[in-house]
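**Student:** Residue numbers for the sequence shown follow our numbering, beginning at 1 and rising by one.
Any given hint could turn out to be false.
[Said to hold, decoys possible] Only pairs whose alpha carbons sit at most 20 Å apart, straight line, appear in this in silico EDC-like list of lysine to aspartate or glutamate:
{"id": "1", "residue 1": "Lys113", "residue 2": "Asp69"}
{"id": "2", "residue 1": "Lys113", "residue 2": "Glu73"}
{"id": "3", "residue 1": "Lys113", "residue 2": "Glu89"}
{"id": "4", "residue 1": "Lys113", "residue 2": "Asp53"}
{"id": "5", "residue 1": "Lys92", "residue 2": "Asp49"}
{"id": "6", "residue 1": "Lys113", "residue 2": "Glu87"}
{"id": "7", "residue 1": "Lys55", "residue 2": "Glu73"}
{"id": "8", "residue 1": "Lys92", "residue 2": "Asp69"}
{"id": "9", "residue 1": "Lys55", "residue 2": "Glu98"}
{"id": "10", "residue 1": "Lys92", "residue 2": "Asp53"}
No wet-lab data here; the hints were simulated from the structure. As the structure is a computational prediction, the values presented were derived from the model and not from experiment.
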Amino acid sequence: MNSKKETPRKAISRRDFHLLAMGTALAVATPAVPALADHHEDAEKAGPDLVSDVKSNSLLLSQVAYIGDSEREGQQCGNCALLIVNEGEYGKCGLFVEGKVPTTAWCTSWVQKREM
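Using the sequences and the hints given, assemble the complete structure.
**Tutor:** The following block contains the structure:
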């Protein structure tokens with residue numbers, strides 16, 4: 001004979017189980033929401049990711065002698081043929097996969113943009 005006494009288990013309904021699971025998930029996720037919102041605001045204030053801040057660009061930056069603020073009159077990324085997208089102060093350069101360049105930057109790959 002079995003000498004152990006089994007305690008009766010209280011049956012939990014499927015609905016109660018789902019409510020408990022959703023409540024637990026909400027309690028775990030709620031503290032992370034303000035942190036995500038703060039990170040988003042900081043990213044907006046910081047401006048775009050520049051090509052000089054992206055690690056994978058470091059070798060190419062040195063090869064083309066990239067200068068973040070050009071001292072060459074009339075030779076800046078803003079009027080270079082390699083600038084694919086010009087968004088005011090920053091643009092997307094065809095040389096770099098990631099990051100944006102200031103329109104005032106310069107490198108040895110600079111080519112005068114043709115006027116059409």
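**Student:** To test your reading of the hints: which numbers does this structure violate?
**Tutor:** 4 and 7
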